[in-house]
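Here is how the chains run, residue by residue.
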Amino acid sequence: MAKTLAQQEGVSVERLQSPQDLERLREALIAARVPDKPCITVCGGTGCLACGSQAVIDAFREELARQGMAEQVDIRTTGCHGFCERGAVVVIHPQGIFYQRVKPEDVPDVVRETVAQGNVLERLLYTHPQTGEKIICERDIPFYNLQRRLILSHNGLIDPTRIEDYISYGGYSALAKALYTMQPEEIIEVIKKSGLRGRGGAGFPTGRKWESCRQAPGEPKYVICNADEGDPGAYMNRSTLEGNPHLVLEGMVIGAYAVGSHTGYIYIRHEYPLAVTNISLAMEAMRRYGLLGENILGSGFDFDIHIARGGGAFVCGESSALMRSLEGDVGEPRAKYVRSVERGLWDKPSCLNNVETWANVPHIINRGWEWFAGIGTDGSKGTKVFSLVGKVNNTGLVEVPMGITLRQIIFDIGGGIPGGRAFKAVQTGGPSGGCIPESLLDIPVGFDELTRVGSMMGSGGMIVMDDRTCMVDLARYFLNFLREESCGKCTPCREGIARSLEVLNRICDGQGRPDDIALLEELGELLRGFSLCGLGQTAANPVLSTIRYFRDEYEAHIHDHRCPAGVCKALIHYRINPEACTGCGACALQCPQQAISGQKKAAHVIDQELCIRCGICLDTCKFSAVQVQ
Amino acid sequence: MSASTLVDAGTHEAVIESILERHSCDPAAIIAILQDLQDEAGYLPEEALRYVARRLDIPVSKVYRLATFYRAFSLQPRGKHHLCVCTGTACHVRGAVRVIRSLEQELGIRAGETDEQLQFTLETVNCLGACALGPIVVADGEYHGQMTAAKAVRLVNKLRSSGQE
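Protein sequence lines, in the order shown, are assigned to chains A and B.
So the first sequence is numbered by this note's numbering: it starts at 357 and just counts up by one.
So the second sequence is numbered by this note's numbering: it starts at 15 and just counts up by one.
Errors might be hidden in some of the hints.
As the list claims (entries may be wrong) - List time: in silico DSS-like cross-link candidates among lysine-lysine, alpha-carbon distance up to 27 Å: (1) A:Lys845 / B:Lys76; (2) B:Lys165 / A:Lys925; (3) A:Lys459 / A:Lys490; (4) A:Lys393 / A:Lys490; (5) A:Lys692 / B:Lys76; (6) A:Lys548 / A:Lys533; (7) B:Lys76 / A:Lys978; (8) B:Lys94 / A:Lys956; (9) B:Lys165 / A:Lys459; (10) A:Lys957 / B:Lys76; (11) A:Lys692 / A:Lys845; (12) B:Lys172 / A:Lys459; (13) A:Lys704 / A:Lys845; (14) A:Lys548 / A:Lys459; (15) A:Lys549 / A:Lys533; (16) B:Lys165 / A:Lys978; (17) A:Lys978 / A:Lys925; (18) A:Lys978 / A:Lys956; (19) A:Lys704 / B:Lys76; (20) A:Lys548 / A:Lys704; (21) B:Lys76 / B:Lys165.
Since the hints were derived computationally from the structure, they do not count as laboratory data.
Keep in mind it's a predicted model, so treat the numbers as computed, not measured.
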């Protein structure tokens, strides 16, 4: 059998029997480290992998071997750094030099100059967008230095496939503390006092949920991790699972001990293969060290976890639907006359929390509730990870303290809107949330604050939109999504969404009727009041919030047959601006309809009869001569 | 293992049996069993669904219900090339719809369909969580970021010519 990583480093792998064993292992791992040994960390998150980071890692291995440095330098593939816009991300330790957009062809230079001689390669550094200054260290980049990272704190440092990395940074010390020095009730009390609320979207107080589950009659009890991250435009949970799976698992074991459960489940989206792999590897490693399974850390507490892959149904993110799916049935929610903490999975008391909620637990146990409660606002404590995406310069994952304003997130961390365009709205809360306009950007981020303005916290998707985003089309997009994902069990949701979508479709097609806005509002009330589960109850939020803040856009579509953002196909025309057109003919060559004609080096024109408004000419033109009207 | 192995009457029982065994023939694991089956065969053939239903002693109607409820399952064989367009919100606001339209036009099929020659399957996915690179098209497992309508057509042509070599 191949030697495990710890054995290679001369540290024995034995079941840990006590907190002292864990501490001794941690000290041995730290002692085995060669101080100041150069280490190249390359981000292996899904975003960077899509940018080709695997090729960069391979190139580093090859180049180090070629230059005979393989023994003197470590290479580590880490989890997501969050700055996905700049992938592939590479950090050279011990100096902490941050290189971005690294390609395999940059690797020989990096090894020769930076790793061997400590020289910084200017061309791979991040440039401050305002001052033009080259920034060497990750922490000095504006994208990072306004963040407060707890959940993501170790993502760029540890190799998620090595439990030893996690342990050397103090991993599982919270578990040892909980099992050996705290009673289950005491843990629940700490979580209650910390003010931690569910990160899946609804924001239910976590400690109260645990308490209800512990007190509920019935055996066995289950703990469940909801990793069915389905909100489009949100990938915080995926990066946590991929980048630091042990943090989530440690939280789950502590939670299981607190509520008195011996069996847990993780329900992961099947679209996240890397997350499934890393969680599986992490669980194997935990079993090896006696951190999962029977007699955890020699405490006498038994707990094991099973992985279930989701089937690609959005509604399974809803707790009661998720439990049905775990039972091997279709994921249809049920009315919650009896809560799932009392009768959930197989009608037994079940405690379900989101990935990020579980990941907060070890931090709270280690540092105490007072520390956690000191971060954030009155109603919302701690930090929140958002995936900042859409029309924003610094796309990526950001973790911020609750109470920061939306403006700080979008403009200070996110670097504002690309191409100097105007900000229009930010969408939070996924398909259940709403759009927030510019005038409300100074509200602090918190569960109650976002609900008050007609949106919600949700799981953390934050999609920025500029003046080229049509708000009617966006509402239609979410309703179309929800129509496909509605399970169809209850009539208000099934019919309410379908009828609302019909109305939105005709508005976008230029067939809107004068009373359509009122009709949408009426359907919204129906959905909110009478749907069975959260999916239907919140389905109208994207429509109602856009009507509330962007009524003029709806009116322009209905009364003037005009799409101000230039998106709705039936209401727009593509034209070529003769002044900007160089007559290069690239658009005419690409046009699938042969609708574009013109002499070489003279302005071209689009035949409106033939044009199907596919937008290929708009994408093709290098001179911005194709315009939308 | 490929689709042909499963359809081949001599071996397909063995394949299904090994999947069932992996899940201890537990009816509660039916979703995981169907997932493994689809990984092996590329889709869920009718005879395989009937076989699984019989072995687990659950009605075929329930197996069919599951296979049609969850998006991850397909009852139809898929094309040689698999194109998947992300329609997450970030990709949407960056023009994913134009990419889908141009692929539909180029392939002559709608999203969710496979062409008659079983060359291309065009699908959409709600979000891949690689939002920084949107709009994204995954072609045979490879991610292509910052797609446009024109780039999508070039991608299809590249896949077509790769098959002829």
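Structure-based check of each hint:
Proximity of A:Lys845 to B:Lys76 is assessed by CA-CA distance (about 16 Å); at most 27 Å being required, the pair is judged to hold. Distance hint between B:Lys165 and A:Lys925 is fulfilled; the C-alpha atoms sit about 20 Å from each other, no more than 27 Å. For the proposed pair A:Lys459 and A:Lys490, the alpha carbon gap of about 19 Å is at most 27 Å, so the pair holds. For a cut-off of 27 Å, the pair hint linking A:Lys393 to A:Lys490 stands: about 26 Å separates their Cα positions.
Taken as a hint, the A:Lys692 and B:Lys76 pair is honoured in the structure, with Cα atoms around 24 Å apart against an allowance of 27 Å. At roughly 18 Å between alpha-carbon atoms, A:Lys548 and A:Lys533 fall within 27 Å of each other, so this suggested pair holds. Of the pairs offered as hints, the one joining B:Lys76 and A:Lys978 is violated, with about 54 Å between alpha carbons and a cut-off of 27 Å exceeded. This hinted pair does not check out: B:Lys94 and A:Lys956 have alpha carbons roughly 40 Å apart, beyond 27 Å.
Proposed proximity of B:Lys165 and A:Lys459 is supported: the alpha carbons are some 21 Å apart, at most 27 Å. Under the criterion of a C-alpha separation no larger than 27 Å, the hint pairing A:Lys957 with B:Lys76 is inconsistent with the structure, at around 65 Å. For the hint linking A:Lys692 to A:Lys845, the alpha-carbon distance of about 14 Å falls within 27 Å, and the restraint holds. Of the pairs offered as hints, the one joining B:Lys172 and A:Lys459 holds, with about 23 Å between alpha carbons and a cut-off of 27 Å not exceeded.
Restraint check: the Cα-Cα separation between A:Lys704 and A:Lys845 comes to about 23 Å, which is no more than 27 Å; the hinted pair holds. Distance check on the hinted pair: A:Lys548 and A:Lys459 sit about 47 Å apart at the alpha-carbon level, beyond 27 Å; violated. Between A:Lys549 and A:Lys533 the alpha-carbon distance is near 18 Å, which keeps this suggested pair within the 27 Å criterion. For the given pair, B:Lys165 sits about 14 Å from A:Lys978 by alpha-carbon distance, which is consistent with the 27 Å threshold.
Using a Cα cut-off of 27 Å, the hinted pair A:Lys978 and A:Lys925 holds, with the two alpha carbons roughly 22 Å apart. Taking the CA atoms of A:Lys978 and A:Lys956, the gap is about 16 Å. The hint holds against a cut of 27 Å. This hinted pair checks out: A:Lys704 and B:Lys76 have alpha carbons roughly 23 Å apart, not beyond 27 Å. Note on A:Lys548 and A:Lys704: the hinted pairing holds, with a Cα-Cα distance of about 23 Å set against a maximum of 27 Å.
Restraint check for B:Lys76 and B:Lys165: not satisfied, since their Cα atoms lie roughly 42 Å apart, outside the 27 Å limit.
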